[in-house]
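Each chain, written out:
Protein chains: 2
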Amino acid sequence: MSYQAPIKDMLFVLNELANLQQVSQLPGCEDATVDTVEAVLEENAKFCGEVVAPLNHPSDKEPSFWHDGQVTTSAGFKVAFQAFGESGWQGVQHPQEFGGQGLPKLVATPCTEMLNAASISFALVALLTDGAIEALLTAGSDEQKALYLEPLITGKWTGTMNLTEPQAGSDLAAVRTRAVPQGDGTYKIFGTKIFITYGEHDMAENIIHLVLARTPDAPPGVKGISLFIVPKFLINEDGTPGARNDAHCVSIEHKLGIKASPTAVLQFGDNGGAIGTLVGEENRGLEYMFIMMNAARFGVGMQGIGLAERAYQQAVAFAKDRIQSRDLAGSSGPVAIINHPDVRRMLMSMRAQTEAARALAYVGAGISDIAHYHADEATRKANLAVYEYLVPVIKGWSTEMSENVARDGVQVHGGMGFIEETGAAQHYRDAKILTIYEGTTAIQANDLVGRKTVRDGGAVAKSIIAQVRATEAALAEVQGADFAAIRAQLALGSAALEEVVDFVVANVKSDIKGVFAGSVLYLKLAGIVLGGWQMARAALVAQQKLDAGQGDASFLRAKIATARFFADHILSGAGGLRSAIVDGSAGVLALDIEQF
Amino acid sequence: MSYQAPIKDMLFVLNELANLQQVSQLPGCEDATVDTVEAVLEENAKFCGEVVAPLNHPSDKEPSFWHDGQVTTSAGFKVAFQAFGESGWQGVQHPQEFGGQGLPKLVATPCTEMLNAASISFALVALLTDGAIEALLTAGSDEQKALYLEPLITGKWTGTMNLTEPQAGSDLAAVRTRAVPQGDGTYKIFGTKIFITYGEHDMAENIIHLVLARTPDAPPGVKGISLFIVPKFLINEDGTPGARNDAHCVSIEHKLGIKASPTAVLQFGDNGGAIGTLVGEENRGLEYMFIMMNAARFGVGMQGIGLAERAYQQAVAFAKDRIQSRDLAGSSGPVAIINHPDVRRMLMSMRAQTEAARALAYVGAGISDIAHYHADEATRKANLAVYEYLVPVIKGWSTEMSENVARDGVQVHGGMGFIEETGAAQHYRDAKILTIYEGTTAIQANDLVGRKTVRDGGAVAKSIIAQVRATEAALAEVQGADFAAIRAQLALGSAALEEVVDFVVANVKSDIKGVFAGSVLYLKLAGIVLGGWQMARAALVAQQKLDAGQGDASFLRAKIATARFFADHILSGAGGLRSAIVDGSAGVLALDIEQF
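Protein chains in written order, with UniProt numbering: chain A, 1 to 596; chain B, 1 to 596.
These aren't lab readings, by the way, just hints derived from the structure by calculation.
All of these numbers come straight from a predicted model, not from anything done at the bench.
One or more hints might be untrue.
To be verified - Within a straight-line C-alpha distance of at most 30 Å, the following computed BS3-like cross-link-like pairs (lysine-lysine) qualify:
1) Lys223/A <-> Lys320/B
2) Lys61/B <-> Lys61/A
3) Lys513/A <-> Lys46/A
4) Lys513/A <-> Lys61/B
5) Lys509/B <-> Lys545/B
6) Lys509/B <-> Lys320/A
7) Lys223/B <-> Lys320/A
8) Lys320/B <-> Lys8/B
9) Lys509/A <-> Lys509/B
10) Lys513/B <-> Lys320/A
11) Lys78/A <-> Lys156/A
Start from the sequences and build out the full structure, keeping to the hints where you can.
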């Protein structure tokens, strides 16, 4: 159950597909040279593999526990998080002026993947802290930035996102938590928040809660929500943690997975009011929270990819080790089960989906960097639109695929996979949260349909499809059955995606429920077509390098074979998804509620 | 989390699709009149819903535990199993001469579904006992039958299957357990068996282990395996349990799911030898064990269907109850989430797959009854061949679909689904064993390809496809978009299945690994096409009844809509599976082992 970061594949994707070269020439990204990035990745891989990965299974068996308002995290978490902060890993993508490394998102992304492959439960504290940092960087006052950013970026403190309330679930319009102005610039916060990841723990000296609440005169619904900083310990003049604030953890949840990560119920203001300060302007809280959420959504996509890689590695190791039954083609005795074709099929499926999702996410990260750092505003804007189209796909598809991969990981282990000691089952349990939190797949799909497709009449989607078509043309120039198969399936996939985009745009007004009945299927279709596109691009690069006698031939040939597998086994599902979206809404919506 | 048996759908399937009328006219099945069957189902539904279903979630939280060789099962299990036996539910399909009810498999099948929907962990003791009964009925001596059958059939004792050993997994050729003849007709058994479901428990006064072992002169491999009865307590002259046998439970497993069902490691013969008697002839153990396994495989398919139904009911109840966010088409406030199209899509997918798998399994049970009871040998033989083709599909596909359904069940619950108290997560955990035990899906698929397709050159498969085509012709006679859509997808599906059968038969000799690389996909394709066929048949019947003004119009319309959903959303995947099977083996097999 060890974890070896797939540095070779990561560097291949960064350099050959995600334009690291171009990103490193952007203003502010000059430190991200190919050599530096390789060194950062290797150092991070060492930390994640040696310090964090060994904690993953033991911390599942001995999860965080609550006693009398305090949460004790699993053995090793506190020390590992201290090392994480001190080594600068919380700060990879954050500004140097606040103690970060100031590297582009494209470099932080493989680091995020590695940390999550090592332990999703552990990585969550960093993910939430990243979100708090992003929100403060965007909307915090200079004073707030000076007070909070450096301790968060250096891992001395951690951050949380407080959205959900018992009666509200994902529906933020229903938020009831109150914020009462005290006349001195502070507010008193009263309310209950649930599902607060790392809402209480013992790994850092302070916890900075970012809390959605309503001021007394706020309009109803999502337009009346403001964002507040509510630290667990109020901050002294000298920046050190002082008096305990009135924000308390009353319980943590008993969950299916990510058990080491404490999921808190937080009670604000039961003893007079929790003191908070407003972030930005009143009633703009949702907007700021979306900054955290968008960063976190991409991050959850990376959790899916990290988990999938870990499950894949574990399944491969088991399949090479486990001797059972003879080879179908004949053998003198039983062989390692990796020789059995269906085991091989599952491993290839795990591998192909993980590589495709990784490539798509890293490409997205590179586009995000261009959208942030490029000198030209029009270029920034165009790239931002593409990135924003990709975020729900990266979150939704990478996490949905991680469930399938974790499932296959158990299946490869057979009966041993069902025994908790083996560790494969933990991935299956952990994966299930990824399609739910930071917005379920359906919420990602609503975003993809509404804000990302309908709003611009499908323009960005079509611009991406045009790029897929260019890759198809390039595939036609290469000889061989692999490339013919990849091209054929990619062409079917892009045609299906284009038809679906047209269907969505054309029908959303006349038949909104019919269109949204297929929203998740559209997200999945976009995932496999865009993931398949990246695999096709990867195969083209691999063939060029092989032709030129460059690089590791075994790695490059495996990349082509994996792209071929993805085309025949994953992309081949595009037609069925197209049918279900375009023809399938009648069946979805036919029953009256009483008929269920 | 209550469970209401879907009696209406069960009776519809029994009467309209699975030929209960015809089965009840078979010699020996005369008791199974429509009225009797309805009464049996209602009584069973009451027992399962009121006595067993309430135990499911508590027993997951407080599972069976081992102490000093004894296993204490979860609260309520012992009393419920006593009631189960006394009410005659263990004996539904077993001979009246040994205390059973002597009803056909077609009637026992919905009872099995209900018990498993109520609690898979509980139902397993009955499933394993059924297997032991089947093996003894087929291969036991008269003395053994007289000694063991009545207590097993009346639920006083329970049975186990002892196949797996630590070093062997699913590979029975590697079985090492030894059986040493004592010259008095008994054998002493020495060895270790693992993964023994209900290998030790406190719910019955004796446990009858059926154990695979090798006699001293046995040939190597699967041809040298014999089957032995090894009771936990030796049987006194008067048939009561006597001295403790040397078969002891040394531990039970800590599992992902079905936690209330104890999975034992059994040690035979550590204190001088466990006394056993041979079943049937030496070296024919595997053959007898296959009798148990085939019955058990069908039973595990029913576990998948029962679990899917339970998960569906729970998701529907939550979706009707949970109020969140406005309706897409506009509403004055938040609405129940069942109104949101993607929730509706997931519920329909859960429902459609469950109904299709139920219909296919019940139809299979009816065919099995004809194969057993029909007066004409040729008819028996023909039906047996069809049943044997269906068994791996019913086991493999019903359980694979149950994983998807349980997954969607959690997803419908959103964040609440990830909290163990909600109960949805238990189904997700429990489901994962079903595709593994009694032969993984890959093992079912090997059976489907090898013994069930290649051996007869695809003849049985083609005969079934011909029946599907007859249904397609009938669909063409009915007006309306629903029937056009169902027919279109069924035609694509049956064409894909036929092409795959031809591919398998044509290529298995020249490219055995290439064919087996697609074996699981072939099984899934057969599942969706044959499940879709049953849904199409159901829709035809429903329309006839609606036209004739018979029956419950709401139920019948829902059946047509559900069949339409199945066609557009599930059957539409047939083309992708076809591609992956026929074109996809290159990608599966391209990598060298070192490249993983």
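Name the hints, by number, that the structure is in violation of.
The structure breaks hints 3, 4, 5 and 9; every other hint is satisfied.
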